[in-house]
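All chains should be modelled from the sequences, with the hints used to inform the complete structure.
Sequences listed follow chains A and B, in order. Heads up: the first sequence begins at 1 in our numbering, then just goes up one per residue. Heads up: the second sequence begins at 698 in our numbering, then just goes up one per residue.
To be clear, the hints were calculated from the coordinates, so they are not data collected in a lab. Using N, Cα and C, we set each Cβ at its ideal position, and we do this for glycine too. There is no bait here: all hints are sound.
Think about it this way: if two alpha-carbon atoms lie no more than 27 angstroms apart in a straight line, the pair counts; the simulated DSSO-like pairs of lysine-lysine are:
| no. | chain 1 | residue 1 | chain 2 | residue 2 |
| --- | --- | --- | --- | --- |
| 1 | A | LYS510 | A | LYS618 |
| 2 | B | LYS861 | A | LYS510 |
| 3 | A | LYS298 | A | LYS248 |
| 4 | B | LYS766 | B | LYS781 |
| 5 | B | LYS861 | A | LYS618 |
| 6 | B | LYS773 | B | LYS861 |
| 7 | A | LYS510 | B | LYS871 |
| 8 | A | LYS653 | B | LYS861 |
| 9 | A | LYS653 | B | LYS871 |
| 10 | B | LYS785 | B | LYS766 |
| 11 | A | LYS616 | A | LYS510 |
| 12 | B | LYS861 | A | LYS616 |
| 13 | A | LYS616 | B | LYS871 |
| 14 | B | LYS781 | A | LYS618 |
| 15 | A | LYS618 | B | LYS871 |
| 16 | B | LYS785 | B | LYS861 |
| 17 | B | LYS781 | A | LYS510 |
| 18 | A | LYS616 | A | LYS653 |
| 19 | B | LYS773 | A | LYS510 |
Covered stretches of chain B, going by a simulated chain A footprint (3 or more residues, C-beta under 8 angstroms):
| no. | segment |
| --- | --- |
| 20 | 728-738 |
| 21 | 761-771 |
| 22 | 858-868 |
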Amino acid sequence: MNKPQAKLDGSRLNKLKDDTLLTTSNPLPWARPALLGCLTLFAMANASASSITQLKNFSLSELADIEVTIAGKAPQKTSEVAAAISVLTQEDIRNSGATTIPDLLRLVPGLQVARIDAHNWVVSSRGFGDRMTNKLLVMIDGRSIYSQLFAGVLWDQHDVVLEDIERIEVIRGPGASVWGANAVNGVINIITRSALDTQGTTAVTVAAGNEHSYTTLRTSGALQENGAYRAYAKYRNHDDAVYHGGSKADDGWDDWRTGFRMDWQGDNDTHITLQGDMHRGDFAERIHILDFAPPFSKLVTDDVDAWGHNILARWSTTLSGGGRSELQAYYDKQQRDQWVLEESTSTYDINYNYQFPRLGSHELILGGGYRYIDNELPNGDLSIGQVRLYTPVERDDELFSFFVQDEIELVNDVLWLTLGVKLEENDYSGFESQPNLRLRWALSHGHMLWGAVSKAVRTPSRAEHDGFMLIDIIDAGPPPVALILMGNTDLESEELIAWELGYRFTGSDKISFDLSLFFNDYDDLRSAEGLGIMPAPPSAPPAFGALIETINGLYAESYGLEMSASWQASEQWQLNLSYAYLDIQMHEKSSTNDSFPESSEGLSPENQLTFTSNYKIKSNLQLNLTGRYVDELRTNDTDAYFELDAGLEWQLKPGLSLSLVGRNLIDPAHRETSDTFLTIEETEVEREFYIKLDWQL
Amino acid sequence: MATLPALCIAFGLSLSTPAAFSADFASHEIKAVFLFNFANFVHWPDEAFAEESSPFIFCASNAQSPTVKTLREVIKGESLNRHKLLIKTPFNQADISSCHILFLEETDITEYQSQLPVISSGTVLTVSDTSRFVGSGGLIELVQNKTRIQPTINTGQLERSRLKISSTLLRLAKIYRSPAIGGTP
Numbered sequence: 001m002n003k004p005q006a007k008l009d010g011s012r013l014n015k016l017k018d019d020t021l022l023t024t025s026n027p028l029p030w031a032r033p034a035l036l037g038c039l040t041l042f043a044m045a046n047a048s049a050s051s052i053t054q055l056k057n058f059s060l061s062e063l064a065d066i067e068v069t070i071a072g073k074a075p076q077k078t079s080e081v082a083a084a085i086s087v088l089t090q091e092d093i094r095n096s097g098a099t100t101i102p103d104l105l106r107l108v109p110g111l112q113v114a115r116i117d118a119h120n121w122v123v124s125s126r127g128f129g130d131r132m133t134n135k136l137l138v139m140i141d142g143r144s145i146y147s148q149l150f151a152g153v154l155w156d157q158h159d160v161v162l163e164d165i166e167r168i169e170v171i172r173g174p175g176a177s178v179w180g181a182n183a184v185n186g187v188i189n190i191i192t193r194s195a196l197d198t199q200g201t202t203a204v205t206v207a208a209g210n211e212h213s214y215t216t217l218r219t220s221g222a223l224q225e226n227g228a229y230r231a232y233a234k235y236r237n238h239d240d241a242v243y244h245g246g247s248k249a250d251d252g253w254d255d256w257r258t259g260f261r262m263d264w265q266g267d268n269d270t271h272i273t274l275q276g277d278m279h280r281g282d283f284a285e286r287i288h289i290l291d292f293a294p295p296f297s298k299l300v301t302d303d304v305d306a307w308g309h310n311i312l313a314r315w316s317t318t319l320s321g322g323g324r325s326e327l328q329a330y331y332d333k334q335q336r337d338q339w340v341l342e343e344s345t346s347t348y349d350i351n352y353n354y355q356f357p358r359l360g361s362h363e364l365i366l367g368g369g370y371r372y373i374d375n376e377l378p379n380g381d382l383s384i385g386q387v388r389l390y391t392p393v394e395r396d397d398e399l400f401s402f403f404v405q406d407e408i409e410l411v412n413d414v415l416w417l418t419l420g421v422k423l424e425e426n427d428y429s430g431f432e433s434q435p436n437l438r439l440r441w442a443l444s445h446g447h448m449l450w451g452a453v454s455k456a457v458r459t460p461s462r463a464e465h466d467g468f469m470l471i472d473i474i475d476a477g478p479p480p481v482a483l484i485l486m487g488n489t490d491l492e493s494e495e496l497i498a499w500e501l502g503y504r505f506t507g508s509d510k511i512s513f514d515l516s517l518f519f520n521d522y523d524d525l526r527s528a529e530g531l532g533i534m535p536a537p538p539s540a541p542p543a544f545g546a547l548i549e550t551i552n553g554l555y556a557e558s559y560g561l562e563m564s565a566s567w568q569a570s571e572q573w574q575l576n577l578s579y580a581y582l583d584i585q586m587h588e589k590s591s592t593n594d595s596f597p598e599s600s601e602g603l604s605p606e607n608q609l610t611f612t613s614n615y616k617i618k619s620n621l622q623l624n625l626t627g628r629y630v631d632e633l634r635t636n637d638t639d640a641y642f643e644l645d646a647g648l649e650w651q652l653k654p655g656l657s658l659s660l661v662g663r664n665l666i667d668p669a670h671r672e673t674s675d676t677f678l679t680i681e682e683t684e685v686e687r688e689f690y691i692k693l694d695w696q697l
Numbered sequence: 698m699a700t701l702p703a704l705c706i707a708f709g710l711s712l713s714t715p716a717a718f719s720a721d722f723a724s725h726e727i728k729a730v731f732l733f734n735f736a737n738f739v740h741w742p743d744e745a746f747a748e749e750s751s752p753f754i755f756c757a758s759n760a761q762s763p764t765v766k767t768l769r770e771v772i773k774g775e776s777l778n779r780h781k782l783l784i785k786t787p788f789n790q791a792d793i794s795s796c797h798i799l800f801l802e803e804t805d806i807t808e809y810q811s812q813l814p815v816i817s818s819g820t821v822l823t824v825s826d827t828s829r830f831v832g833s834g835g836l837i838e839l840v841q842n843k844t845r846i847q848p849t850i851n852t853g854q855l856e857r858s859r860l861k862i863s864s865t866l867l868r869l870a871k872i873y874r875s876p877a878i879g880g881t882p
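Structure (structure tokens):
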């Protein structure tokens with residue numbers, strides 16, 4: 001149907017006309033030959049291409065994604081970021097066939113995504129993959145969904161309208177100098193489209209399948225002359241998964257959410273956004289409840305109730321001097337009620353950034369923020385064995401933050417140095433400083449090398465600080481011994497110094513390639529220490545308590561690589577391949593007596609391989625395939641697996657498409673991981689089929 | 698060998714050149730490359746070309762507009778299947794149906810507005826960077842939206858034309874559904 005694209009081949013690289021490097025007046029004449037020597041080392045001493053040539057090499061969607069130059073601000077392309085960044089576009093999302101955010105993230109090179117049961121997930125970057133992956137920060141439109149309570153993201157509580165996502169940016173490695181604490185091993189930014197971009201669309205999406213079904217209604221329109229609104233409602237429903245062997249589990253769930261987004265665009269590139277959502281869901285899970293009578297543990301179904309709402313406002317404008325100012329404020333409330341936890345958390349957050357007009361070779365950004373978290377964790381009912389006490393029950397915490405970042409163009413169009421630091425003051429570990437240094441070197445058109453050294457910290461969670469929780473009962477008696485995890489108010493932050501190197505090639509419209517290497521040096525990682533035996537509190541049944549405390553007793557190194565390549569084999573056929581390798585070595589400090597110091601080593605797969613193929617059979621019919629290999633998890637005896645997803649999307653006419661998707665086609669069911677702490681009974685991920693109709697009315 | 702790149706990076710650190718321009722893209726550059734890309738992502742029927750080797754024609758009225766000047770640079774040395782790419786500025790109005798892509802700018806709009814639905818119902822892809830172009834029966838609008846340039850496609854008019862737009866382009870574009878503007882097929 002489509003004509004073959006006019007050939008944009010590598011020879012274009014030789015057509016470069018202006019050799020900026022040689023024509024720029026250089027105040028250090030002696031430096032030029034030496035620098036050229038460095039460049040010829042790679043036999044690519046071409047210097048920068050004309051912008052037209054560069055533009056022509058962009059794909060259509062990249063073209064639509066380019067930020068038009070506004071005074072003082074250079075366009076930001078992800079290919080120019082000195083970090084291990086991956087971006088999932090709306091097209092990637094459509095092609096993936098994924099129906100939940102964690103499932104979408106399986107596409108990101110190097111991310112570990114594993115399902116514990118139908119709604120509990122592990123999503124992790126560069127290791128330490130746990131239900132509470134405490135070193136990965138996640139945000140939806142600038143609102144953090146990382147729970148400071150248990151240090152991690154409860155993925156079942158969060159969702160967005162997948163069709164309204166503009167892109168998902170994933171940075172592997174530290175992002176703490178900009179985003180702050182807990183952005184240790186990665187940052188995920190889920191960004192929804194501006195209402196101005198979805199204006200005039202009223203659409204209904206219905207997906208129905210043997211495992212997962214959802215229905216979304218969304219509508220949008222104009223608001224006065226230069227504004228737009230969008231509103232949505234979404235309902236999801238998930239069937240019970242199965243245990244190993246095929247018997248039906250009890251972990252089904254359903255939830256609904258509704259929300260809106262309004263955007264206005266004014267003079268001076270002023271942009272105002274107001275958005276909000278509310279949600280509620282019921283999630284069943286099978287958990288081990290501890291009992292003081294033999295056999296000390298029983299498996300019951302826990303009905304988790306989770307609900308919340310949020311509202312966010314953002315205002316940005318370009319000031320007369322060319323600087324750019326952005327102010328964002330949000331309020332977020334999350335509530336959750338289940339056996340191991342009853343939570344109510346309100347977060348108030350305000351943030352201001354100012355980007356100075358470009359001054360000489362400097363691009364400077366300053367920012368500051370304040371967060372107030374009010375949270376309540378009622379104690380459990382000791383008489384039924386629900387031992388969870390928090391001191392205090394209600395707590396208000398504050399977080400002050402400040403950051404500064406300067407990007408310095410050291411050599412015109414060739415070399416950039418970014419220096420940045422985030423300073424924070426929190427109520428758990430006090431003052432934290434998280435600096436980084438990044439260097440980006442554009443070798444010649446399309447080839448880029450980068451390197452970075454960064455420090456990042458993971459601050460103690462409220463549970464680690466204030467908790468008193470029964471985690472196991474051992475039949476050592478009579479009386480039995482209750483293992484109790486005690487908070488430690490002296491706990492310090494976990495620290496990382498990360499060394500990273502990367503190479504990226506984006507100079508061809510046929511092939512792109514990305515490689516990142518890292519060496520992570522962790523210190524003060526948490527360990528669990530036995531403190532001794534004490535008699536149980538008198539209100540509880542007769543038992544001894546074995547107290548366990550969390551201290552900063554471990555250190556570790558990890559190293560690994562992530563690489564991805566994409567190849568436009570023909571106009572109709574696109575192929576992607578990614579591979580990630582990870583090795584973690586945990587060590588005990590002399591002060592520790594942690595019984596399982598090495599457990600974190602085997603929580604994440606050593607090798608992961610993913611390929612996708614998107615083939616356009618006809619201009620309105622596309623076949624998408626995704627295959628993934630995930631290595632074994634030694635800590636919880638999970639076998640390596642290979643799975644395949646296939647989807648067929650048929651664009652019946654503009655605005656009406658029909659998809660048939662099959663996921664996890666290789667095995668009837670496979671296990672992906674298990675819960676290490678909260679003792680949820682894991683289930684298996686089943687083969688799944690669904691049909692989806694997306695209709696823009 | 699492995700330490701050489703590192704040395705070079707370290708060396709780069711000691712350099713400090715004065716300010717210069719970063720690689721920015723102006724809106725007319727992005728528009729010109731979009732126009733070029735439309736030639737690849739839209740299908741013209743065979744009869745839009747007199748012969749297999751007939752040129753592919755971009756028509757625009759102002760040869761001096763930044764977008765047209767950039768387009769001239771963009772298409773240099775390019776071809777589309779066997780068709781050479783050509784820009785006609787100014788073009789012969791009587792010959793408007795021989796244009797494959799007709800690019801109209803602000804100054805042209807009043808002149809062509811009333812004829813747009815008719816021009817756009819044949820094999821001419823009408824494109825403009827003025828707002829409300831699709832509302833007047835034009836096929837593709839290239840208007841800056843926030844900080845980006847995103848095409849808006851008038852799918853109602855497209856159905857009345859003899860062109861087919863690839864779903865890749867449709868997907869990233871904004872869709873405009875015209876309230877029945879009288880276009881005669």
